[in-house]
Amino acid sequence: MGSKYPKSLRISLPFWVLMLEIAFILVFFFFTSYETPSKKLELLKPYPAFQDINVMAVLGLGFLKASLRRYTWSSVAFNLFTLALGVQWAIILDGFLFSSSRKIPINIQRIILGTMSAMSALISSGATLGKVNLVQLIVMTLLEVTAFLGTKKLTLTFLDGNEHQSMMQIHVFGAYFGVAATWCLSGPGLSAAKEKEQRATASSLFTTLGTLFLWIFWPTFNSALLEYPSEKETAIYNTYYALAVSAVVAMSFSAAAHPHGKISMIHVHRATLAGGVAVGVATNLIHSPWIAMVLGLLAGMISIVGAKCLPVMVQQGCFNRIIGLHDTCEVHSTFGLPGLLGGLAYILLMIEQASWTKLSTVGFQILYSAGSLSLSVAMGLAGGILTGLILSLNLWKAPPEAKYFDDQAFWEFPHLAVGF
Amino acid sequence: MPLSFDTNMRFKFPIVAICLQLSMIILFGFFVGYENKWQYVQKNNSSRQPDGFLELYALFQDIHVMIFTGFGFLMTFLKKYGFSSVGINMLIAALGLQWGTLMQGILHHHKKFYIGIKSMINADFSTATVLISFGAVLGKTSPVQMLIMVILEIAVFAANEHLVGKILKATDIGASMIIHAFGAYFGLAVAGVLYRPGLRRRRHDNEESAYHSDLFAMIGTLFLWMFWPSFNSAIADAGDHQHTAIVNTYFSLAACVLTAFAFSSLVEHRGKLDMVHIQNATLAGGVAVGTCADMAIQPYGAMLIGSIAGVVSVLGFKFLTPIFATKLRIHDTCGVHNLHGLPGVIGGIASIVAVALGATDKTTMAMQAAALGTSLGTAIVGGLLTGLILKIPIWGEPPDQNCYDDSVYWEVPEVEGPNYYFHENGDHSQLQPEA
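Respectively, the protein sequence lines represent chains A and B.
First residue of the first sequence: 1, per full-length UniProt numbering; consecutive thereafter.
First residue of the second sequence: 1, per full-length UniProt numbering; consecutive thereafter.
What the hints contain is simulated information worked out from the structure, not anything from laboratory work.
Misleading hints may appear alongside valid ones.
Here are the simulated lysine-lysine pairs, BS3-like style, with alpha carbons at most 30 Å apart [what the hints assert, rightly or not]:
1) B:Lys12 to A:Lys308
2) B:Lys169 to B:Lys111
3) B:Lys118 to A:Lys45
4) A:Lys45 to A:Lys103
5) B:Lys166 to B:Lys111
6) B:Lys118 to B:Lys169
7) B:Lys80 to A:Lys308
8) B:Lys112 to B:Lys166
9) B:Lys12 to B:Lys80
Put together the whole structure using the sequences plus the hints.
This is the structure we're talking about:
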């Protein structure tokens, strides 16, 4: 353990950021062009969807992570930074991997795809929240977006997936990537960091704001990549009702899990979103609302159970010592578990709906969708471990454990920050 | 400890909520479906854009933001009651939108029905009534009581809406009467029945705001203010009417802000502004212009309505609310009477005047007056009955000294965190040395 003070990023951060940005600008200069103007009007159609998804990424995921009482600035601002970086990289990679023409045509649909791919990094950074500095975040974002688009390419090429289905694996991928990456970083062992990790009333309300934005705009997220208008519509209805159910379930189960029947705001932040995650992959296969609602119910339950049981094991030490996992924002129970449930539901619905057609194709389809789910998990874990190992190199000047979860390590503080 | 003050929610609340939720799922299984059978969706419908779905979806998103973020954060002004305001708000709305979909669908179709984007918008609208009533009883009730209120109030609301829209054939496009006035008077009636003499003797310690909680409430105000034009125009006929509704609401809100600031400064000591007025009265214009939003009232008419609503709302906060609390024994925590009740009634009256001046030919003065009357009547009767049911002492309401306190029903963080950074520590000596 080196010095108690966080090392200055004065040289390395501007250096890395400027180099990257120059590289991006050069790539954009040589390889991208705007879509031909004749199609412009048609291209503006997805603009409202883009706006919604942008709100989810910037406000939603940003404030969702603002729950630590001494880390709100970094949570929101680093989230924006990660997004801005991730989108540019995702657009470049996406263009090279999936576009046939020499120049990448830039349009709204492509920006939506870029934003959604960059959200994988935003989800994962919930797990590493407070334990990495900006340079490490840059590395993580670049690696993760690459890994995610690689997974998507594999799914589309070999596993017969479609755009929507492979994008909806983002929750599972992002969660397991984050969990694996944070496993390689050292957890907050010191009591000073533990004390900073507590929640406060005001920061919990900010997190609620983020949760609400995600919750409100989730129907757009689940429907943006579907092709046909009526499919989109069904996806929106399914997500709407699934989310409503998981909100009710989250609060009831949270109360039931507490000895005095008190509701925990942390559970509410996590489990209300579970319904949207779970219904994501399968949303165009669900053709009556009650199925979506049952999925929302199960997702809320699983998320609460996950959030309730895993941290208890961590506190008792066994989980912490054996696996050494410290998932700051519990992305595993917010995104990981419900995502797995959603993948399973997709397979079940496939079996249910296709049983009367040719059996051999059904078998293949089931194998394919099971394959794409496990591919996402596996790639997430592998990529996460690799990234975690890279991040734990001394090269990046990581903050010392005593300075985890502390805005003071990165920000200039106002003169009157009393009580902070 | 008497039974009524047993606030342990471990079994009561989850059992009630899960039972309600399961019955919702079962009812949805029997009564609700999607219009498009998916197999043929993929083949035949690829080019069909279902009746302006995407345009309406954008409006729906705005309303969704208003219901969850707007109403939720508007009520966070109490210093120790933020979690309940936002959290229970979400619970109410999440349950209410399912129940609202069902009630409205069954009343309008009498059999299995299909969901469209309009039913989602209407479902969100129906939750707004309960959220308004929640404002009146904020801090004095338990989550279980709120669940019961959701079920009862939305049932009454759907019946009244059916009566006003289908039988009286009155118009209420922005729902000033059937949502705002209805929700406010329903809530007042419930608050009247649940009146607690114990809270009357002196002002409750927790019933005040802090600097940061007022700022949180302002988040809610701003979101409501920004998206109110969508609320008033969502169910208007597409085209000219929708456009008129948006423009009217926009100007009415703008005018209302000015008069609210002006009168707040006028009635307060030494001309200072009162944050409560700014948070609430600035929205009164949107409420009041609702009923005649899609009529040809001209921008100046909308601005007139907005200005009057702003003035009335501020005066209501200053003079009416204290009278209600002391003389009528109705304690209205958020002042919903001044934000939704009075402006809603103004909206109803304005529509009668507008019809008299020939701004629309879709309805008559008598029908508008009847719509206002039935909305108020059903709200008060329904509210009194609901209040009587909620008064049964088995729902786990908080004892007097624990009102307006999150810690009764929520796990609250022990550290106050940066809260006291705003208002308690005057001395700066605690500034930690920069590492």
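* Hint by hint, which ones does this structure get wrong, listed from lowest number up? -> none
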